[in-house]
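Number of protein chains: 2
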Amino acid sequence: MSYLITGGAGYIGAHVVRALRQAGETVVVLDDLTTGVAARVPEDVPLVVGSTLNRALLDTTFAEHGITDVIHLAAKKQVGESVEMPLLYYRENVHGLQTLLEAMAAGGVGRLVFSSSAAVYGMPDVDLVTEDTPCTPINPYGETKLVGEWMVRAAGRAHGISTACLRYFNVAGTATPELADTGVFNIVPMVFERLTAGAAPRIFGDDYDTPDGTCIRDYIHVADLAEAHVAAARKLAGPGPVRDLTLNIGRGEGVSVREMIDLITGITGHQGVTAEVTPRRAGDPARVVAAADRITDELGWKARHDVRDMITSAWAGWQHHHPQG
Amino acid sequence: MSYLITGGAGYIGAHVVRALRQAGETVVVLDDLTTGVAARVPEDVPLVVGSTLNRALLDTTFAEHGITDVIHLAAKKQVGESVEMPLLYYRENVHGLQTLLEAMAAGGVGRLVFSSSAAVYGMPDVDLVTEDTPCTPINPYGETKLVGEWMVRAAGRAHGISTACLRYFNVAGTATPELADTGVFNIVPMVFERLTAGAAPRIFGDDYDTPDGTCIRDYIHVADLAEAHVAAARKLAGPGPVRDLTLNIGRGEGVSVREMIDLITGITGHQGVTAEVTPRRAGDPARVVAAADRITDELGWKARHDVRDMITSAWAGWQHHHPQG
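The listed protein sequences derive, respectively, from chains A and B.
The first sequence begins at 1449 in the numbering used here and counts up by one.
The second sequence begins at 1449 in the numbering used here and counts up by one.
Please keep in mind that the hints were generated in silico from the structure rather than gathered at the bench.
A portion of the hints provided could be inaccurate.
Since copy identity is lost for identical chains, a pair holds within one copy or between any two.
Unchecked claim - Within a straight-line C-alpha distance of at most 25 Å, the following computed SDA-like cross-link-like pairs (lysine to any residue) qualify: (1) Lys1524 / Gly1608; (2) Lys1524 / Thr1624; (3) Lys1750 / His1770; (4) Lys1524 / Arg1539; (5) Lys1683 / Asp1657; (6) Lys1524 / Arg1728; (7) Lys1750 / Tyr1656; (8) Lys1524 / Leu1535; (9) Lys1750 / Leu1536; (10) Lys1750 / His1768; (11) Lys1524 / Thr1547; (12) Lys1683 / Arg1706.
Model the full assembly from the supplied sequences, consistent with the hints where possible.
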């Protein structure tokens, strides 16, 4: 077995590469390095620089490396940007996946784990979001992920590809400082950036219908998330075809933005810093927390790291990447 | 103003061309003729043979003909085929639209009417389907139409394109015998084919939860449908941008399959022929009837032809295309 990890030079992808290798698997990375970083790919892992939009490159890569399994993480993933540039998101996320599926069908590559997102749920009006909660995405990013799931399932059935769609909730933390999230689009690095700049962390709205008025999310450690991919890949490699396996990856536990900021200021030694409350952002649901039991039933996987682990590891990663403070 | 009608050599597209010309508009047809028929395009209407997947052809066509408005009907549209060949449907219907939208954004073409379908609703559990009924398509064809709407709306907002999405219910009839539906994928020609072959028309299941046990649909005359496109195009050409205009096109009246067959046998002189009941087909909802008032409010359009008109005109068309009987 030989795994192709698309987007394997990204924050999450690099963790999936690491977990698969620790599980003894052979991996190849395909990444166009627009947001991925080559240094995240271990030296003894082949790195193919390019996009899944490049059909000829996919065909060559499948053949040269004897690819049997694909874990598809390559995607654009910023909600705001997706509203400004929806056609870019549809091209990269939908047509990129289509091209990959066409190449897999033609090349007889029979297993695919697809990186989906809790964004497919839109503004869920339930305490715990199950995999059967209706999907009504509210921005092009979430739309491209839902379309991706549809394509994956339909192509899986039509072309005999075993497939799994993993819906990530809010990913944070790092397995090693080197692999940390270096962007500032998620709450943890966003707060780090404000704190280290001497600015107050921001809360986008404290008038939501939640206990402390701030939005509630379900955070998952990226190392746990990576292990879920290994478990899903193992399931697909088992006997018989796997269809329509769609799983939430969360902890099933809600943490409010205010609680998160309090934890971060405490862990990073910024006790006493007060958050600044600014108006709501458009499209932020009040509460998105996973029902996380189906994945345990299906794969035997369970999250091991709590929010404190995520922040502590992420802070070590932040300091590693910002040695000047 | 100059209209590009993609799929303008198809059954519906040719009717849209006809209606626009009767309304005094200048039209150009783009059709790859895989299912379209060149003879349906009037001789004095330019016919560009090709696909919306061909970006260079789109750019040239926009420039050469000074296109200001697009009515996008080119698409694959057979539900069963979409299950067998989902990637073909995603390529043609989604990537074909994406390429068109990219070309429109780049070329400053500012108005688009998009051909959607009641298939976006899936298996609606309501008496009358409004435009706000949740969309949960159940096959790749319906999925590609819903994705298409999402792309149209998002690209419209991001690139200043005025857009309308028209959700067709069951289209039947013809304005002239020459323009009749020559396929046998819809109920009316399907029954004609059986009757003229001396075979009993088929009912796929008579154990649905409906008054006579057969499925109920909302039929719309293709000439009325074409007029709705003219009305939508006029609305887009009016003052100010138009966003998120999504409209059902139906009559708001349910007709059962058995009623339809009885009407057809009566009108075509096959009285006394008894339909044969076969098992249900997968994925047929019991009842899909449009709430048809929003389009009247928005565009002042209303269907003028009843089911009898549809069958009578379609039968003349069938006889025209099957002179040997």
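These are the hints, each one checked on the structure:
Proximity of Lys1524 and Gly1608 under a CA criterion of 25 Å is satisfied inter-copy only: 23 Å between copies versus 27 Å inside one chain copy. With identical chains, the CA atoms of Lys1524 and Thr1624 are at most 25 Å apart within one copy only, with a shortest distance of 24 Å there and 49 Å across copies. In this homomeric assembly, Lys1750 and His1770 never come within 25 Å of each other (Cα to Cα): the closest approach is 32 Å inside a single copy and 65 Å across copies. In this assembly of identical chains, the alpha carbons of Lys1524 and Arg1539 lie at most 25 Å apart whether taken from the same copy (10 Å) or from different copies (20 Å).
Taking CA atoms no more than 25 Å apart as the test, Lys1683 paired with Asp1657 passes in neither setting, with 39 Å inside one copy and 40 Å between copies. For a Cα distance limit of 25 Å, the shortest separation of Lys1524 from Arg1728 inside one copy, 24 Å, qualifies, whereas the shortest one across copies, 42 Å, does not. In this assembly of identical chains, Lys1750 and Tyr1656 lie within 25 Å of each other by CA distance neither inside one copy nor across copies; the values are 30 Å within and 43 Å between. For the homomeric pair Lys1524 and Leu1535, the shortest alpha-carbon distances inside one copy (11 Å) and between copies (21 Å) are both at most 25 Å.
Neither within a single protomer nor between protomers do Lys1750 and Leu1536 lie at most 25 Å apart by alpha-carbon distance, with minima of 35 Å and 38 Å respectively. Neither within a single protomer nor between protomers do Lys1750 and His1768 lie at most 25 Å apart by alpha-carbon distance, with minima of 29 Å and 67 Å respectively. Proximity of Lys1524 to Thr1547 under the C-alpha cut-off of 25 Å is found in both arrangements, the shortest distances being 16 Å within a copy and 18 Å between copies. Taking the shortest Cα distances, Lys1683 and Arg1706 never come within 25 Å of each other, neither inside one copy (38 Å) nor across copies (47 Å).
Of the numbered hints given earlier, the model fails hints 3, 5, 7, 9, 10, 12; all others are met.
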